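Q: Chain by chain, the residues:
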Amino acid sequence: MSLAKGGSTSKCGDGCRPAPFNGSPKNRRRALLLAAAVPVLFAVSAMLGPSGVGLPDTASVSGRAILDLRLGRFFMGMLVGAALSTSGTVFQAILRNPLAEPYVLGVSGGAGLGAALSILIGGAFIGAIGLPLTAFAFALLTLLLVYAIANQGGVPSVYSLILSGVIVSAICSSVIMFLVSTADIEGMHTVVWWMLGNLQPASWAEQFVSLAFILAAIVGLWLFAPALNVLTLGREMAHYQGLDAGVVTISSLLLSTLLAATAVSMGGMIGFVGLIVPHVMRSIFGPDHRWLIPASAIGGGAFLVLCDALARTLMAPVEIPVGVVTALAGGPFFLIVLRKKMKYAWID
Amino acid sequence: MPGSTDRLKPALAFRGVTAGYKGRTVLREVGFEIAEGEFVSVIGPNGSGKSTMLKTATGLLKPLEGRVELFGREVSSLKPRERASLIGVVPQKLESPMAFTVAEIVMIGRSVRGRWGGPDAADHDSAERAMIYTNVLDLKDRLFNQLSAGEQQRTALAMALAQEPRIIMLDESIAHLDINHSQEVLRILMNINREEKITVLLVSHDLNLAAQIADRLMLIDKGRLVRNGSPGEVMEEELLRRVYDCDLRVRRDPFSGNPVVSGVLDAALRRPPARKRLHVISGGGSGIELFRRLLIEGFDLTAGVLNRLDSDSEAARALDIPAVLEQPFSPVGGEALSQARRMVEAADGLVAGLVPFGPGNLVNLDLAELALKAGKPVWLAAGIASRDYTPGKAAAAKARELCDGGAVEWSNIHELMARIEQTWPQPETQH
Chain G
1 MSLAKGGSTS
11 KCGDGCRPAP
21 FNGSPKNRRR
31 ALLLAAAVPV
41 LFAVSAMLGP
51 SGVGLPDTAS
61 VSGRAILDLR
71 LGRFFMGMLV
81 GAALSTSGTV
91 FQAILRNPLA
101 EPYVLGVSGG
111 AGLGAALSIL
121 IGGAFIGAIG
131 LPLTAFAFAL
141 LTLLLVYAIA
151 NQGGVPSVYS
161 LILSGVIVSA
171 ICSSVIMFLV
181 STADIEGMHT
191 VVWWMLGNLQ
201 PASWAEQFVS
211 LAFILAAIVG
221 LWLFAPALNV
231 LTLGREMAHY
241 QGLDAGVVTI
251 SSLLLSTLLA
261 ATAVSMGGMI
271 GFVGLIVPHV
281 MRSIFGPDHR
291 WLIPASAIGG
301 GAFLVLCDAL
311 ARTLMAPVEI
321 PVGVVTALAG
331 GPFFLIVLRK
341 KMKYAWID
Chain W
1 MPGSTDRLKP
11 ALAFRGVTAG
21 YKGRTVLREV
31 GFEIAEGEFV
41 SVIGPNGSGK
51 STMLKTATGL
61 LKPLEGRVEL
71 FGREVSSLKP
81 RERASLIGVV
91 PQKLESPMAF
101 TVAEIVMIGR
111 SVRGRWGGPD
121 AADHDSAERA
131 MIYTNVLDLK
141 DRLFNQLSAG
151 EQQRTALAMA
161 LAQEPRIIML
171 DESIAHLDIN
181 HSQEVLRILM
191 NINREEKITV
201 LLVSHDLNLA
211 AQIADRLMLI
221 DKGRLVRNGS
231 PGEVMEEELL
241 RRVYDCDLRV
251 RRDPFSGNPV
261 VSGVLDAALR
271 RPPARKRLHV
281 ISGGGSGIEL
291 FRRLLIEGFD
301 LTAGVLNRLD
311 SDSEAARALD
321 IPAVLEQPFS
331 PVGGEALSQA
341 RRMVEAADGL
351 VAGLVPFGPG
361 NLVNLDLAEL
371 ALKAGKPVWL
381 AAGIASRDYT
391 PGKAAAAKAR
401 ELCDGGAVEW
411 SNIHELMARI
421 EQTWPQPETQ
431 H
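Protein chains in written order, with UniProt numbering: chain G, 1 to 348; chain W, 1 to 431.
FYI, nobody ran anything at the bench for these hints, they're computed from the structure.
Bear in mind the structure is a predicted one, so any value in this text is a computation, not a measurement.
One or more of the hints may lead you astray.
Computed spacing ranges between beta-carbons, pair by pair [as the list claims (entries may be wrong)]: (1) G:A137 <-> W:E65: 27 to 37 Å; (2) W:G263 <-> G:A31: 58 to 68 Å; (3) G:V247 <-> W:E65: 19 to 29 Å; (4) W:G232 <-> G:V166: 28 to 38 Å; (5) W:Q146 <-> G:A205: 45 to 55 Å; (6) G:L32 <-> W:E128: 39 to 49 Å.
Calculated cross-link-like contacts (lysine to aspartate or glutamate; reagent style DMTMM-like; alpha-carbon spacing at most 20 Å) [what the hints assert, rightly or not]: (7) W:K79 <-> G:D244; (8) W:K22 <-> G:E206; (9) W:K9 <-> W:E82.
One-sided excerpt, in silico: chain W residues whose CB lies under 10 Å from chain G [to be verified]: (10) G31; (11) F32; (12) R83; (13) A84; (14) L309.
The C-beta atom is built at its ideal place from N, Cα and C for all residues, glycine as well.
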């Protein structure tokens, strides 16, 4: 795989990616493949589980329950994966940093703290909309805090943003630790299990609210796609290109924070999806966000569903937390992709 | 579409603009106008406020006081898209962390038109025109990150052109390029300016480059506009010395007539350690090659008496050779002559060039006599008779007298060097 050599030739050798701005047919084909993976995964998901491989017997009550559970997991996986991955894509674009993701900026940590608080204290009161909203509120507060710490007059630099994000994130997780250590046994168990990351279907109401949030945020971000393309050239260039860089930055930060918070409130702390899926998708579809955002959403969902299917079958009847699988499966995969294709996705 | 009335308004106007950052004022009461179609360069030392001026002009920075107007409208009142259809900016260095191709980057310049979907035919046309103009069409499928610095800058320029702006501003965009690449970008800029009538504002710390290309220079020092005029008016030795706080020299380029600045350091460093000191009698351009050659050979030189405005006196000044000067077209007076005598006394020898002699400069031959009497070697350009315009051929007579007294004649520089070598053999070079 090498770029067309010889400088002045406009011929595109194999491996040379033609501009997706021209609606590259290659990208269309790849997008079709990706979309086709979803029903396949749906089927796979329905057939895998700790109770055995194969479609459950829908004639029996328990079989129907198992199928329900499995399809619920599929739905959760798609939603959480799409949310985490899209949010990571946008964070990377806005901060122009390949390491950016909701965790790095402390957003997930804040959302986790909010969610832990509402699980431990709020209990049953919060209802379907309460958990994601509390998580969002805390994530937003964390983002503001991070911004305030990083802001030393003028617009904060990416480095100070990431640095203060890491600090705030660490603070959030120690507060969660403190909460866990002082909680009663039942609360402790719930929070720890939730923190490890799992896609146990939430109530239908909660799933519906999350679906609404996530869909709205992804569509909103997709509308910002051309602006995000410009923003990758830096805020100053975006200004010169006639973009209200402040408005775009703030609204897309808000939307991706909403995504991250909703994902955390649904599935707990699932790492790696927000970091690696955007990179993989960028290396396949190129950096144009009009392709990248939907691709990241579908790719992130598919990746998480796959990891979850593995998590519940590999050591059946014991279930591995899905966060462990994403990291174990994602890490090496990420390294391979990074070595082979990174130069098409991001400069070193 | 641009209205017809704003054609008469200046493309860019600063009216009493004070600007800066939190707690730090950078620009102070800057005022100027740039007419549409002009090519203006903003120069000044590092940290003088050039970039701040550009940021203020593009509305990235709001002025603390005063108004910034683009085609008669206050910049801050423009909608972002309107602003981007008026100004295109080429940054110091365009950085695209993600792997966009050249065509994609240029097409971003069209995204200001605000369509979400793919580009239409007009967008393609405009982007392609911009790429042809900047000679990057062949690179369109290459990744921007993998281009050379010069190619990247041309791509950035193409992106700005694709905005179809009426004024293009460049922020030190050429400074870090090799001479061939910077020349190419400059040529493109001149074409844009002349053919497309796009106003160009080039911020540069390279004075020579600015003077070479711009119709007008604006010199900024410590946040103030200290001079605003033609390159000749701004590139003034005294002014630049004060602003840049260093010794420098302004000459005219012999080919283009452009003022050229150079530091004094390089002339001083070029010389090998001095061998002997020679006093040179010349005039009318006969000394230029002589000075150059003798300096290269490692001699310390003095010159005179020369007339002011004589090209030899300009050359002596440029080469840092101490010279005695006399008013133009006047006979050499007593004061100048005694000064020249002191120079001859301090020298180890004397060389007379192919200078024509008239009554005004005949006394210069007395200097040669003085040197001979002091036992110093004298090298005289042969054929004085043909250059003798004195009444009664006094110079030729004097020359014969000098030759009888021991002066050596030479007819070309090569011969002169050989004769000097005979008198003062070079010490064996040590390796």
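Q: Now, for every hint given, state plainly whether the structure supports it.
A: Each hint, compared with the structure:
1. G:A137 <-> W:E65: 27 to 37 Å: Since A137 of chain G and E65 of chain W have Cβ atoms about 41 Å apart, the given range 27 to 37 Å is violated.
2. W:G263 <-> G:A31: 58 to 68 Å: Because 59 Å falls inside the window, the suggested range holds.
3. G:V247 <-> W:E65: 19 to 29 Å: holds (27 Å)
4. W:G232 <-> G:V166: 28 to 38 Å: violated (57 Å)
5. W:Q146 <-> G:A205: 45 to 55 Å: holds (51 Å)
6. G:L32 <-> W:E128: 39 to 49 Å: violated (30 Å)
7. W:K79 <-> G:D244: Holds: K79 of chain W and D244 of chain G sit about 9 Å apart, inside 20 Å.
8. W:K22 <-> G:E206: Violated. K22 of chain W to E206 of chain G sits at ~47 Å, over the 20 Å cutoff.
9. W:K9 <-> W:E82: holds (17 Å)
10. G31: It is violated, given that the least Cβ distance between G31 of chain W and chain G is near 24 Å, above 10 Å.
11. F32: violated (21 Å)
12. R83: This hint holds: R83 of chain W lies near chain G, its Cβ roughly 6 Å from the closest one there, short of 10 Å.
13. A84: Interface hint status for A84 of chain W: holds (3 Å vs cutoff 10 Å).
14. L309: The hint is violated - L309 of chain W has no Cβ within 10 Å of chain G, the shortest such distance being about 49 Å.
Hint compliance for this structure: hints 1, 4, 6, 8, 10, 11 and 14 are not met, and every other hint is.
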